[in-house]
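**Q** Next come the chains, spelled out residue by residue.
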Amino acid sequence: MRVITSALETIGGITILSGRVARMMLRGGINLRLLLEQMVLLGVNSIPIAVIVLSFAGAVFTFVLAEELASRGAGSLVGGLQLLVFLQEMIPVFSGIVMAGKIGAAITSEIGTMKISEQLDALRALSTDPDWYLTVPRVLAGIIMMPVVAVFAGYGSWFAGYAMAHNQIGLRYSQFASAVDSLVSMHDFRMCFVKCMIFGATIVLVSCHSGYVAQGGAAGVGKAVTNGVVLNIVLIFLLDLLVTMVMG
Amino acid sequence: MISFEGVQLSFGSHQVLRDVSFSVTSGQMTAVLGPSGSGKSTILRLIMGLIRPQQGRVIVDGEDVTKMSERRLQRSRRKMGMVFQHNALFDGLNVAENVGFYPTYVEKRPWKQVLPEVEELLEDLGLADSAQKLPGELSGGMRRRVALARSLIYRPKILLYDEPTTGLDPYMTEVVAELIAEMNEKYAVTGVMVSHDLPTVYDIADHVVLIAEGQATVVGHPSELLRSEKPEVIGFASSWRRHIIEYSGEMSKEE
Ligand SMILES: Nc1ncnc2c1ncn2[C@@H]1O[C@H](COP(=O)(O)OP(=O)(O)O)[C@@H](O)[C@H]1O
Ligand SMILES: [Mg+2]
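So the protein sequences, as listed, match chains V and S. With numbering that gives the first Met the number 0, you'll find the first sequence wraps up at 247, consecutive numbering, no jumps. With numbering that gives the first Met the number 0, you'll find the second sequence wraps up at 254, consecutive numbering, no jumps.
Quick caveat, the hints were computed from the structure, so don't treat them as lab data. Among the clues, some could well be false.
[Unchecked claim] Computed list of lysine-lysine pairs in DSS-like fashion (alpha-carbon distance at most 30 Å, straight line):
{"hint": "1", "chain 1": "S", "residue 1": "K185", "chain 2": "V", "residue 2": "K114"}
{"hint": "2", "chain 1": "S", "residue 1": "K111", "chain 2": "S", "residue 2": "K78"}
{"hint": "3", "chain 1": "V", "residue 1": "K101", "chain 2": "S", "residue 2": "K132"}
{"hint": "4", "chain 1": "S", "residue 1": "K78", "chain 2": "V", "residue 2": "K114"}
{"hint": "5", "chain 1": "S", "residue 1": "K156", "chain 2": "V", "residue 2": "K114"}
{"hint": "6", "chain 1": "V", "residue 1": "K101", "chain 2": "V", "residue 2": "K222"}
{"hint": "7", "chain 1": "V", "residue 1": "K114", "chain 2": "S", "residue 2": "K66"}
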């Protein structure tokens, strides 16, 4: 029973927060300096790890498939297949998990610490809406920067895949890329970007909310961070399925 | 200027304020005294509209803040400043950015214009050398003064202080107390100071209200803390009274 009520409370809280943030964005309540600060922070903190993670994933994918395909005379399909799978699934999901672990945890612990040290009350006392000062710039930065992170991570996986294919079955770059035109369409790129933007918004909103509801000192903030990261990872896979089904 | 009318407030099943009524006169420094956990900070948070009571009204400058929307509260808070019990400085911003927060983000003025005002105020409060430091690098007394400056910069008509001298050494206690008295004089503000530091209250308050067992007892002038026959006042101030009597006894022996 307790689990259900707290889950409902969390979902309700995140929904209300999303509504407030959306309304505020539409009204133009955005401070450019705060937004830029968050965009830089988010990019600097997550691009390197996302590139590393997806490069390994790209190399593993090609390692598994290259010889198998080559032995059936279809070695040149490997680049196109990789790009297709990575655009649809791997890039958004892996980038999302990296974001949840790195950026999401940082946001929750920052806001949670502000909560327990009364800095959020101090903001309100200074006639400043915490959603305007903290949430909106972070959410918008998440939506804008997540696709940017994905572009870097995507290039990482592509070239790591090529290096592996070259090494395993001796493909030249033009051979590696030869099946892209026939296997990959604009739709796959759109899917990748839509997923990234949705994940970006979700991860930041969930992380902010986890921080806002933190209570009970430093241990409480630690718990809030764990809750936020776990919820984010579950939501990434859930939304991944939903978006894939809706967009086909 | 500020009045509480039959305010009742509980956190869950824990009733903190049963029936609190008192008022604060414009231009005066009112001290709210009481044992810890009696609801003193809660009183300040009610004035700011940071929390709402279950019953009763809190009138600030002619308006009931308990019924206001968050948006209207935001406007109403512009005439109030609050120094939090643990300062609540923004720990990611340096001292100058903390102090310049209101003019930058609420008045939306350019930093070039804000900075000279910040520097002047820091100079006044003896913090000129700390403008670029982060709150974590400051001593307790300095942090308290930064918190004060962050509110003073927008000249609020009402200033609320939550235990401004608690946790400071005796010297810093005196410095901060003097500063509060001086600032109240200089900016002619209405002050509400929560404290359990009786000597400071005695020195700088004009009016004393005692909170205990969920109710407010109006004590009046601070000298009443020594004289009053009200049982609540005797109960709260007895050890301090004894201390003063012993102290003055020793003084007269030495003479
Ligand atoms: N947000 C809150 N949730 C639950 N209980 C609270 C909350 N804030 C204060 N309390 C309780 O209300 C009582 C009064 O708190 P407070 O006003 O901070 O006391 P004081 O400042 O006089 O020490 C305390 O018992 C405290 O535990
Ligand atoms: Mg208190």
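**Q** Give a verdict on every hint.
**A** Hint check results:
1. S/K185 x V/K114: violated (33 Å)
2. S/K111 x S/K78: holds (24 Å)
3. V/K101 x S/K132: holds (27 Å)
4. S/K78 x V/K114: holds (24 Å)
5. S/K156 x V/K114: The given pair, whose Cα atoms are some 27 Å apart, holds under the 30 Å limit.
6. V/K101 x V/K222: Holds, because 16 Å separates the two Cα atoms, which is no more than 30 Å.
7. V/K114 x S/K66: The hint holds at about 24 Å.
Hint 1 from the earlier list is the only one contradicted by this structure; the remaining hints agree with it.
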